[in-house]
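Q: Construct the entire structure; sequences and hints are all you get.
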Amino acid sequence: MQTRICALALAVAVAGPSQAAIENLKDFNPAASVILDGVYYHDNVKGEGLEIAEEHDSVLHGHDHGGEDHDHEHGGLDKGFNLRETEVTFSGGVDPYFDAWFTAAINDGDIEVEEAWVRTQNLPAGLQVKAGKFLSAIGYENEKHLHAWEFADQNLAQLSLFGDHGLVSTGAQLTWLAPTQSFLQFGVEVAQGDELEKFGTALDEYDELAEEIADEFPGFYDPDGDGDLTAQELGLGEANGPELTVGFMRFGPDLGTDHALQLGASIGHHSRMQSFHEEEDAGEAFVAEGDGTVYGLHAVYKRFATGAYGKGGLTLQAEYFSFSAEQDATYHTDVDELGLPLEMEQDAAYVQAVYGFAPRWSFGLRSAAAGIGAEFTEGTEKDELRISRQHSAALTFRPSEFSLLRLQGNRNDIGLEDRRKGFNQIMLQYNISLGAHGAHTF
16 MQTRICALAL AVAVAGPSQA AIENLKDFNP AASVILDGVY YHDNVKGEGL EIAEEHDSVL
76 HGHDHGGEDH DHEHGGLDKG FNLRETEVTF SGGVDPYFDA WFTAAINDGD IEVEEAWVRT
136 QNLPAGLQVK AGKFLSAIGY ENEKHLHAWE FADQNLAQLS LFGDHGLVST GAQLTWLAPT
196 QSFLQFGVEV AQGDELEKFG TALDEYDELA EEIADEFPGF YDPDGDGDLT AQELGLGEAN
256 GPELTVGFMR FGPDLGTDHA LQLGASIGHH SRMQSFHEEE DAGEAFVAEG DGTVYGLHAV
316 YKRFATGAYG KGGLTLQAEY FSFSAEQDAT YHTDVDELGL PLEMEQDAAY VQAVYGFAPR
376 WSFGLRSAAA GIGAEFTEGT EKDELRISRQ HSAALTFRPS EFSLLRLQGN RNDIGLEDRR
436 KGFNQIMLQY NISLGAHGAH TF
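Following this note's numbering, the numbering of the sequence shown begins with 16 at its first residue and continues without gaps.
For the record, the hints were derived by calculation from the structure and aren't laboratory data.
Quick reminder that beta carbons are idealized off the backbone N, C-alpha and C, glycines included.
What follows is a set of in silico ranges between Cβ atoms, one per label pair, in the way DEER data are often shown:
{"#": "1", "residue 1": "GLY53", "residue 2": "ASP343", "range": "40 to 50 Å"}
{"#": "2", "residue 1": "SER418", "residue 2": "PRO194", "range": "32 to 42 Å"}
{"#": "3", "residue 1": "SER418", "residue 2": "ALA140", "range": "37 to 47 Å"}
{"#": "4", "residue 1": "GLU127", "residue 2": "PHE96", "range": "15 to 25 Å"}
Taking lysine-lysine pairs in the BS3-like style, the calculated list, with each CA pair at most 25 Å apart, reads:
{"#": "5", "residue 1": "LYS94", "residue 2": "LYS436"}
{"#": "6", "residue 1": "LYS159", "residue 2": "LYS148"}
{"#": "7", "residue 1": "LYS436", "residue 2": "LYS397"}
{"#": "8", "residue 1": "LYS436", "residue 2": "LYS61"}
{"#": "9", "residue 1": "LYS317", "residue 2": "LYS159"}
A: So, in C-alpha cells, the structure goes:
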C-alpha cells in the first residue's frame, strides 16, 4: 500500500495530476465527515424535564443496574447551552466486494463507537450481509443517526422501549431483495444483545446491586449467611453467545415519481432479559430473568418536493410497537417468593408529519405515547401502569444540505409511579456537517 501511494505521489509531482491518479486516490480515500450538534435547552421544571420523562411509569425501567455504561447520551441536556455530541464518520468502498462504515460520537471528552461494520457488495440473488456493530433495522426510526432526525430529540415511544441509543449491538445481518417490480426486502439479524438500554437489558454490576440490597433490606435472604451476595447467589450467569434475534420485512409499492410509500413489520426477541425490582411498600426486592419479545409495524409516506429546496415536500411517518416478557425471580429477599413468575406488557406508538412550506423551511408535528396498556403481573397480582404522552412542534431552516437550525417545543404529560406530571420543553438546535457524508436512506 505504501509503495502504491508513493508511486501516485511521484506521478503527480512529475507529470501533474493525471485523471488515472486522481481516480485511484479517490478509491483509496474514504469519505470523512464531522457533524457538530448543539442545543439550547429550557423547561419549566428547573431543568429536570428529561429526568422526569426518563422515569415515566414503565415495565422496562424497574432496574437500576442495566447494560453497558454508555459514555454519552443523545438526550442528555443541561438547562442552557449544550454541545450535545460531535460525530465522526468514515465510509467508503473497500474493494468490489465490500464497503465499510465507522461512526464514533465524542461527548465531554469521551469517545464511543456507535457503528463499525463491513457490508458485502455484488452477492448473487439479491443477498447482502452486514457484520460488525450496527443499528438494528427493527422498525423504521431506529436506524437513523441523530443528524437525520426530523426533530431535535427522539420520540417518547422509541425512548421507552429502546433507550436513547436505540437498538444497537454487535452481530450480523442478512437481507434479501426480492426480484419483484415493487421494492420487497426481508432481513434477519443475530447479535450479542449485551449493550442494550431498555429492551434486552442485562444486569452486570453485581457488586453494586448486592450492596444496595444489603443496605436497603435488613434481614434479606442470604443463601450462605455471610452478609453478601454474589452473582451466583443472585441466580444470574454470564452471557453465552448471541442472545438477540431480529427479523423484518419492508415493502414499497410503485407509486410513480412523485410519491413513495414504505410499509414494514418487524420482530425482536431477546433470550436473556434481566431486571431488578424494588417494592418499598412491601419491603421487598428481587432479581428476575427470562425472555422478551417486541413486535413492530411502520408506515412511511413521502410526497417529494414540488418546488425549490424542499418546498412542497411532505413526509408522514408512524410506528407501533408491542412488548411482552416472561421472567422468573432468580433471587428474592423473601426466600418463599423465589421462582416467582413475572409477566410484563407494554405498547408504544408515535405519528409525525413534516411539511416543506417554503424553500429551505419545514414545519413538523409529532405525537408519541409510551406505556400503552402497560401491565406488570407478579404471581397473581397485577398492576396497571400509567400512560405517558408527548406532543411536539418543530420549525426547521436549512441554509444548505450541510446545516440546519431548528426551534422545537414539547408538551409532556408523564405518568409517574404515584402521580402525573405535565411540563413544557423548548430546544434550539444547530446541526453542522463538515466533509462528505453519504445519502440518507428512504
